[in-house]
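Q: Below are the chains, spelled out letter by letter.
There are 2 protein chains.
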Amino acid sequence: MSLALLLVIAAGGLAILYGAFTIQAVMSLPAGTARMKEIAAAIQEGAEAYLKTQYTTIAIAGAGVFVILLLAFGFDLVPAGGFAIGAVLSGAAGYVGMLVSVRANVRTTQAATEGLGKGLSVAFRAGAVTGMLVAGFALIGIAGYYWLLTGPLGHAPESRTVVTGLVALSLGASLISVFARLGGGIFTKGADVGGDLVGKVEAGIPEDDPRNPATIADNVGDNVGDCAGMAADLFETYVVTVAATMVLGSILYAADAAQFMLYPLAIGAVCIVASIIGTFFVRLRKGSRNIMGALYQGLVATGVLALVAIAVLTQQMFGFSDPIGGAPFTGLSLFVCGAIGLAVTGLIVWITEYYTGTAFRPVRSVAKASESGHGTNVIQGLAVSMEATALPALVIVIGIVATYNLAGLYGIATAVTTMLALAGMIVALDAFGPVTDNAGGIAEMSGLEGSVRDTTDALDAVGNTTKAVTKGYAIGSAGLGALVLFAAYTEDIKHFVAHPQEFPFFADVAVNFALSNPYVVVGLFVGGLLPFLFGSMAMQAVGRAASAVVEEVRRQFRERPGIMQGTEKPDYGRAVEMLTKAAIKQMVVPSMLPVLSPLVLYFLVGLVAGKSAALSAVGAMLMGVIVTGLFVAISMTAGGGAWDNAKKYIEDGHHGGKGSDAHKAAVTGDTVGDPYKDTAGPAVNPMIKITNIVALLLLAALSAAS
Amino acid sequence: MSLALLLVIAAGGLAILYGAFTIQAVMSLPAGTARMKEIAAAIQEGAEAYLKTQYTTIAIAGAGVFVILLLAFGFDLVPAGGFAIGAVLSGAAGYVGMLVSVRANVRTTQAATEGLGKGLSVAFRAGAVTGMLVAGFALIGIAGYYWLLTGPLGHAPESRTVVTGLVALSLGASLISVFARLGGGIFTKGADVGGDLVGKVEAGIPEDDPRNPATIADNVGDNVGDCAGMAADLFETYVVTVAATMVLGSILYAADAAQFMLYPLAIGAVCIVASIIGTFFVRLRKGSRNIMGALYQGLVATGVLALVAIAVLTQQMFGFSDPIGGAPFTGLSLFVCGAIGLAVTGLIVWITEYYTGTAFRPVRSVAKASESGHGTNVIQGLAVSMEATALPALVIVIGIVATYNLAGLYGIATAVTTMLALAGMIVALDAFGPVTDNAGGIAEMSGLEGSVRDTTDALDAVGNTTKAVTKGYAIGSAGLGALVLFAAYTEDIKHFVAHPQEFPFFADVAVNFALSNPYVVVGLFVGGLLPFLFGSMAMQAVGRAASAVVEEVRRQFRERPGIMQGTEKPDYGRAVEMLTKAAIKQMVVPSMLPVLSPLVLYFLVGLVAGKSAALSAVGAMLMGVIVTGLFVAISMTAGGGAWDNAKKYIEDGHHGGKGSDAHKAAVTGDTVGDPYKDTAGPAVNPMIKITNIVALLLLAALSAAS
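Chains as they are written, first to last, in this note's numbering: chain A, 13 to 718; chain B, 13 to 718.
Hints were generated in silico from the structure; no laboratory data involved. One or more hints might be untrue.
Put simply, identical chains are the same to the list, so a pair is met inside one copy or across any two.
[Said to hold, decoys possible] Derived lysine-lysine pairs resembling DSBU-like cross-links, with alpha carbons at most 30 angstroms apart:
1. K581 with K670
2. K676 with K660
3. K130 with K660
Work out the full structure, taking the sequences as your base and the hints as a guide.
A: Pasting the structure below:
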């Protein structure tokens with residue numbers, strides 16, 4: 013085991029150590045009054061019950077995939093084992109993060125009684141636990157498995173076994189991710205939409221009112237969707253990107269595979285250290301109320317440190333001025349690609365904030381449109397959502413051109429790896445959101461004085477923006493990461509075709525990825541329709557879950573009239589239980605869509621036109637799913653954020669303020685935006701990558717079977 | 013001039029003759045009471061004033077393009093002349109159709125007093141005028157210009173001059189089309205949304221109430237948007253498809269160019285005859301109320317006749333069993349491709365009806381979701397809109413695979429040509445919609461008894477479905493047609509590269525359309541973002557126009573309190589005038605997007621990476637705009653139709669009926685669907701093709717300049 017690999021794994025360990033210490037620090041804080049503890053316990057119980065059910069279902073599905081992998085690869089344990097590692101670690105990161113989150117919420121409420129700075133500190137540290145666990149587990153998972161395969165098991169770094177093992181590890185992470193994003197998303201938005209419809213609109217009671225039987229479910233949802241689901245999503249994006257970069261390095265530059273496979277891991281390692289240091293820069297100056305500024309301070313510090321560290325790392329590994337091994341580019345070029353990755357991150361963060369922040373034209377235009385009614389609010393929101401795709405797409409395009417010209421496909425991969433290497437910090441910013449959201453709910457339900465709620469509201473508003481920003485980042489990086497996966501797919505086929513003795517299945521294959529090949533067009537269309545169909549299924553699932561909540565809450569109001577008078581306690585557990593069932597049931601079919609589609613397309617086109625056409629069509633499908641997926645996902649997450657904040661902007665006293673007709677229209681927009689931004693949109697991200705990874709594994713299985 | 017070409021032009025003449033006779037027949041019908049005539053006159057005046065302004069603006073833009081074409085092609089009159097012919101004929105078809113439409117509306121109201129069958133007959137015949145003029149003008153335009161170039165001017169059919177002339181003719185049609193679709197769409201939906209918001213929602217008066225100052229504008233909008241705009245759209249699709257098929261035939265099989273260029277024209281000719289005969293099959297049996305059945309009777313008759321006629325035609329031209337000239341397929345294969353085109357038409361019609369008809373799950377699910385509020389109605393509608401893209405995409409994919417395997421790219425082109433050849437009949441079904449819509453408005457405003465309104469309402473409901481069906485057809489065929497254009501682009505480049513002496517600019521060009529080329533990915537992303545950005549602009553334009561209407565109507569209500577009491581007449585003209593200005597102003601920028609994008613991308617990528625990369629990126633852009641455009645357009649038009657009919661379904665007494673909370677929610681969905689289905693969605697169709705045609709002309713200009 014090389015010293016470098018040891019250091020990489022140590023960096024992952026450092027992240028987990030940071031997490032462990034921070035958990036201790038947060039848990040030692042006071043958890044408030046008995047009433048607060050009681051509410052927090054209800055949330056904890058609900059969240060744990062949900063995750064238990066979810067993970068049980070996923071475990072069953074996962075066991076099935078495990079067996080299929082065993083069969084597909086002739087009982088070789090490497091792919092199936094990699095799959096299991098990816099799945100278990102992804103689940104662990106989400107689960108532990110969620111456990112902390114549901115305990116930090118009440119402590120944040122308590123800290124908020126002492127002021128904004130204290131509240132921010134607790135919530136952010138809780139988020140940082142999830143962030144560091146995501147990055148740490150991910151890095152240890154890939155680097156550890158890579159070490160196991162190349163060290164003790166003695167496979168060459170560039171061997172197919174290692175490549176397939178890494179791809180299978182990615183599949184494990186992706187499968188958990190799509191389940192968690194969908195299941196969590198359906199749960200949280202079912203609770204949110206359903207609870208609001210019957211509580212705010214029908215019964216006229218405020219959000220988080222303890223009389224609403226869906227209110228605990230709503231708070232549970234924040235944790236299982238926005239915390240555990242998001243953690244699984246970014247774990248997945250991290251693992252897939254780093255693994256794809258390693259695979260690409262090993263295929264493109266087989267002679268120097270070890271170096272090119274170590275480089276992305278090393279970037280991950282130094283960025284974890286940068287992220288940990290960065291967390292200490294998140295600090296509110298005395299008297300300041302600029303929470304977003306405090307958070308950005310941490311992000312910028314992390315980015316600057318990462319830049320310096322990557323420069324040193326690259327210089328040490330490759331030197332700056334000479335071509336690296338057999339590659340036609342220098343270390344300096346690679347470093348610049350990394351810097352471009354950071355720049356893309358910064359630009360996407362900024363664009364997302366522009367489209368979802370209350371200070372700018374888009375959100376204000378939605379707020380203004382609310383004056384003329386529900387319909388115009390929705391029209392303007394949809395228009396903003398579609399417009400919001402243009403700039404990120406152009407940024408990605410410029411990133412592709414710049415990095416490709418510097419260092420080819422590996423340059424693109426390096427840029428994405430660098431983007432993702434900051435995941436620890438980015439997840440911290442995001443996981444902070446559900447903690448503050450819960451903290452506000454607990455303040456409301458336990459009847460704390462208004463100033464506490466004001467403090468948590470201020471934190472929560474920032475949480476809304478960071479949530480949108482993270483999603484823009486996750487999807488932007490997913491778009492680029494998927495390109496790397498697509499490149500891996502094409503290079504893989506090239507490799508197989510070039511070695512017909514080794515891989516006889518590919519002896520007579522001649523793929524043609526030219527757009528003038530009709531099977532490429534077929535693949536583009538079929539891939540293109542997946543995000544639309546998947547998004548539709550996800551939105552309908554939320555609608556169904558929300559309807560179930562509405563009926564349950566109506567039933568409780570009807571059968572126990574004491575609830576509305578405050579003399580009787582609603583049955584919070586029933587709503588949680590019902591949503592759990594609904595979410596788990598609804599997440600399965602859409603999750604299978606990206607898993608099965610590449611296989612079905614391969615076999616159908618293969619039947620009609622042979623395997624070359626089939627492999628071309630599947631390749632084009634990967635690109636199709638990226639192209640429409642990127643636009644669908646960005647439009648949904650940005651649009652949802654804009655609707656949410658347009659409502660907040662009106663609640664701040666514009667266009668008639670709370671209770672006005674404009675506000676009612678804005679509430680409609682917010683409701684529409686909920687499944688858009690928190691269920692369908694973010695789930696498109698892992699869905700894109702599953703399609704790609706399944707295709708890669710299909711290739712591996714075909715090559716192994718032959 | 014060959015006899016065949018003469019017959020083709022004669023068939024076009026026959027269509028115009030049919031139009032002229034039908035105009036006479038419709039105009040000779042009684043136009044009702046003085047009050048009815050007065051209202052109809054107001055609508056006529058408004059529509060004519062609008063179109064005058066619109067065509068003036070288009071003429072200015074067109075003159076600019078004319079000059080640019082002259083300059084780009086070294087003062088060669090062929091491209092500029094073709095452009096002018098396409099533009100003028102497209103404008104003429106829309107204008108004449110609209111003139112008939114605004115005169116048939118009142119006559120339909122009058123006929124409706126005598127029963128459903130009479131009403132249907134007048135409305136359908138009025139629609140058939142527009143339909144036949146579209147098909148006739150289009151066929152005469154292409155066949156005539158082709159004759160002029162190859163006959164009197166003596167160019168060889170396969171010469172570049174002829175190819176460029178036909179492409180330029182398509183550009184003329186496309187430019188009118190995008191302007192007319194956008195301008196008309198903004199006008200009609202600005203009036204509709206704005207009028208409803210302030211009339212139905214604020215003042216609580218019914219639709220088409222004469223007290224609403226926007227009501228005449230609303231009726232004008234039906235004509236300028238749904239009649240003239242739609243006519244320009246289908247004229248464009250027709251011209252572009254037939255021209256692209258000819259171009260493809262001439263490039264792929266240069267030795268037999270004349271035959272392969274005549275074939276699509278001949279298909280157009282026999283289908284016009286079939287359509288004319290088909291119109292006589294639209295007839296309501298005594299006592300029957302199955303209007304849709306009567307219309308489908310005409311459509312099916314046309315389809316069957318067309319199938320037989322194409323079989324005979326193909327057999328006569330090519331024989332069935334031997335390979336045609338230098339091509340590797342037989343006449344029978346070509347005929348089957350045509351039959352597949354008809355089957356695709358049928359399937360898309362059926363799928364669209366499933367997603368937008370009140371008898372099926374999707375619309376009913378939207379209606380059901382309205383019970384729990386505005387938000388859930390919109391969520392479900394969006395979900396339906398996204399789901400509705402899947403089946404049409406699969407049908408198109410199957411069509412591509414089947415026809416390509418039968419007769420290569422030319423087989424795909426033949427299928428699309430056959431689809432479009434039925435345009436005469438399809439437009440008739442669609443143009444029937446605005447006439448009946450207006451007829452209902454006139455009945456309402458002139459205070460006719462309720463039974464008349466019931467009759468026109470029954471016709472109008474069918475009009476809603478046929479409108480959705482036509483849009484599905486137009487967009488499905490546009491998706492396939494654009495593929496043909498893309499094929500023409502790639503084959504064009506191949507041709508230029510293969511003849512470096514003739515086209516020295518292309519001597520050192522080596523395009524690479526493989527998906528692994530990053531510039532192809534860049535092109536796909538940039539192309540992919542265009543429909544989103546364009547759709548966003550169109551929706552915002554409607555929002556702005558509607559706001560202006562709301563303010564104007566509010567002002568009139570405020571300043572003239574007599575209007576609401578019915579003692580004072582509102583100033584209808586002001587609303588029309590204001591909307592005209594708004595629509596014309598707002599249509600220009602989005603229309604320029606597809607024109608300029610290919611040029612900008614070409615020059616930017618060319619600067620960075622040279623002309624081969626630039627030409628590859630532009631090619632990929634064409635595919636990108638098709639892939640996302642197809643999904644965006646289908647989702648918008650189907651979703652809008654579903655929202656509209658969900659409202660109608662509730663109004664029919666389900667889920668609480670008119671005035672219930674569910675109905676209010678459904679009105680919101682309908683409002684959202686308005687710009688979706690009538691402005692942004694249908695305008696994406698010509699937008700896709702303009703991008704493609706501009707790229708083709710760019711190639712032609714580059715080759716001519718060299």
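Q: Quick check: which numbered hints come out false for this structure?
A: Checked against the structure, no hint fails, so every one of them is satisfied.
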